[in-house]
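Engineer: What follows is the residue order along each chain.
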Amino acid sequence: MGDKTDVWQGTLALMILKTLETMGPQHGYGLARRIEQTSGDLLQLNYGTLYPALLKLEQEGYVRSQWGVSDNNRKAKFYELTKAGQKQVRRATADWEQATEILSRFLAPAEEA
Amino acid sequence: MSSSLARMRAFLIRLGRSVRRGGDATELESELEAHVAMHTEAGVAAGLDPAKARRQALMKLGGVEQVRQAQRERAGLVWLENLLQDVRYGGRTLRRAPGFAVTAIATVGLGIGACTAIFSLVNAVLIRSLPYGDPERLVYLFTPNLNLKIPAEVLCPGYGDYFDIQRDNHSFESMSNLVQVRFSVDQRGTTQRIGSARVDEGFFRTLQTQPEIGRSIEPEDVQAGHEKVAVISHALWVSMFGARSDVLEKSLTLDKNSYRVVGVMPAEFEYPFESDLPYGDSQIKSTQIWVPLVLNAAKRAEREPDDNVTIARLRPGVTVRGAQAEMSHMMARLDKQYPGDSKTELGPMRAQWGALVKKFTDISIGPVRPLMRLLLAAVGLVLLIACGNAANLLLARAAERARELGVRTALGAGRGRMVRQLLTESLLIGAAGCAVGLGLAYLFLRLLPRLDPGNIPRLNEASLDWRVLLVAAGAALFTSVVAGLMPAVRASQVELTEFLKSHGARANSRGHSRVQSGLIVTQTAMVVVLLAAAGLLIRSYIKVVTVDTGFSQSTVTFHLSLDGRYKPQQIGAFYRDLMARLEVLPGVQAAGAVNDLPLSNSESIGMIWVDGYPNKDFQQAEGRVITPDYLAAMNIPLIAGRYFNVSDTGRSRTTIINETFAKTYFPHRNPIGGRISGDPKVKLTDWGTVVGVVADVRHMSLEEQPQPQMYGAGFDGDSGSIAVRASIPPATVINEIRTTLKAIDPQLAITDIRTMGDWVSMASARRRFQTSLLTAFAGIALVLALVGLYGLMAFSVNRRTREVGIRMALGAERRDVLLLVLRNAGGLVGAGLIAGLACVWMVTRVMRSFLFGVSEHDPMTVVSVSVLMLVCGLIAAVVPARRAASIEPMQALRTE
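One line per chain: the protein sequences are A and B, in this order.
Residues 1 to 113 in our numbering are what the first sequence spells out, letter by letter.
Residues 1 to 896 in our numbering are what the second sequence spells out, letter by letter.
Source of the hints: derived by calculation from the structure; they are not laboratory data.
With a straight-line cut-off of 30 Å between C-alpha atoms, the simulated BS3-like cross-links for lysine-lysine are:
id	chain 1	residue 1	chain 2	residue 2
1	B	K60	A	K18
2	A	K56	B	K60
3	B	K52	A	K77
4	B	K742	B	K567
5	B	K285	B	K299
6	A	K77	A	K87
7	A	K83	A	K56
8	A	K77	B	K60
9	A	K18	A	K77
10	B	K149	B	K299
11	A	K75	B	K52
12	B	K60	A	K75
13	B	K256	B	K567
Starting from the given sequences, assemble the full structure and let the hints guide the process.
Structural biologist: Structure, rendered in structure tokens:
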């Protein structure tokens, strides 16, 4: 477990949004687990940091929440993507891909130069 | 939704959450509970025992308390919540000390109110833009003449010169002439004289203004035969035509002639206002009607200045100096080109007509700028004094709260937080003071029309607009920070060990701090400066209103203008008849007519040549044409010779001169029988004989020395003023006069009915305005400073109760204690007085232009200010001193 990475500033929101997009409505715990799994357990995530991030997304209107019942019949708060949230996922994804694309050109071995 | 919109949405939600307080902490609580439970279940399912699984879940969560904290910070706006908490706390503490709160708020309110009121005035007069396009490019064009002993801004170029300048100049974008005129207009059964102007086709273009309805004066209107059209003001449209939209189909009757209304100007356009023209018609406060200025060929070629006012707009990029250079050059050329007709009175002056280009704003606003600056300086001092007071109150309060603050420090309150808390309190006081101040400023603006001296431009437009509100808020913030910062910082510097050592009672046992004393001394000094300034103005005002005007102030006067039904040759007889009828009215002693009353801002100046005197060129005297009994009606004392009688009105050329004339031109000889003529080159044979010498009359202004004056009998103008002296009250005389005039001709327009005392009052109105305002501010400042002194003394006595108790126990008399406090107060006031007088000595120089008949170092003012300050200071200190003297030693010693 020595090689786990902390979540980079600003990427958690995108991870949450993307996870919600693929999984549909989900509660906080489920989201946390899923994010950890998706990262292949490479990510060191304090589950607690998820809640302020969710609150921020909710205030910004990208997600909405409502109380529901979990698989094991437990009352939990479920988050789901709004229309604005879906748009935001596309926008943020595009931004992120562009950023990594640019960076990868710098990092790739200089073949043609 | 764009991301900035999303951020905005988030901010609003957090803002709402902060203001609402409370919020749904329980929701997060159950959410976290569910989270932990689910995580624990998962752990148990993986084979851990429940306790261990739960511990792991909590660890993975990162601490419930931290999550709660993070969530709280995200949910609302922490800084706002802290601020609201401070405000609520501050509000509570202020409510618990109502005496302190009321005094502080009233003090700050007075200071801010004074500032706001005067700024609203300055804003209307100096800052707000004028409705004339870019007013900075508007200039007046004058032709001063060195040989005429009149101000340079009286005459504008003659029409002939004007048209040449208009054709040839490169400085002006457009030029215009206007001539002021008063029209008789019948309105609701009474005849009124309405301020109007004849204007040429360039007038509205030069002023860059458009009618709100209809059109302005066009080139075809100024052709003879087409001139019966009028543009009216918004105010007249409302009052005469009920703001009806069909006004353009109406006409109005001006001096018995019908004019078609072709346009209505916007509400703010009433140019020229009285203050817009340097030597305009003082009877015209603002202009309501504009009609075409028609010039016949002879007028258009006339080279002598007429009664026109020339205004022009500079081309972009042309400076006043540039225009001045071009105009000087042009006038010099015109002077050479048209040497002038030596047969006319002004003809011989032709070679000397100069040019003077003056900015419109310098004429209109220039004269009141110093007054506005003086008032601003005065209210600035008042505000500073209010600041000082508030600071002193806060310092005293901080000292009283030393215990509370000490305890809070001991409990771990941070210094920054304490300063912020105390500053919040002073900001609250500032905000409340701001509200009080705005209320006071509003009252002041309601009162202002009654103080209006009539010659401060746009004074009546003063209002609380956004600029004024901004200044009020700024003043409040300034006061709060200046007054609050020092006490806050000092109070937060509680030395914890000192505080604890002194059993938590008093960390500082001195009576009052040097800072507080320093504030009182400074305040006193500022008050002394204000009092001295007010004192000097009051002394000047008294000098002005008690100046010997040379006429009786109880004389009733009115203006009369005869319309076209009166032929010139009938007018003399008309006046003779009128005077005869007026003089037989019960109680009337004398009645006479004159072309221009004293102090009415109209003057006629003539060239004179005195027989038997070493004459020089261009000697001038003020001239008045009167009917014989005018001098008696005005009660102008006869010094030698006789008044006029009926025999003087005919062809005989007799003249009466004033004392100054006699002293100047008949030194060491008897003026009676002396001969005076117009300029010798013109009519040397046309001698008039002096038959009497009368006292000097203040014609131009109350504050200027009388010039040589001469009177001629035989007034027969179609527009003049009548003076009636009676032994009965003016109101009764006025009624009788009205009845008499109605009997003679019910259509006669009589206006401006007032006593000469009213004229004097109008002439001194500006002085009264500035004197009363400055005196009011000095009074407010004095009261504020005394409140401050009283507060400090009361506070100090309170703190020294124990000390006084010991002194008395050791044998001090009550009188000694009383004197101790009074000496203390006297020392502060004395120090302030000395500092203040030193300032007065240095700064009253700037007031010289406001003074009349007193030196800026007037000893009487200095002495009375000093006495007033000391006496008031001692009065303010007497109550606390008596309280100190009434302290019971035993009780005092037991208080701690």
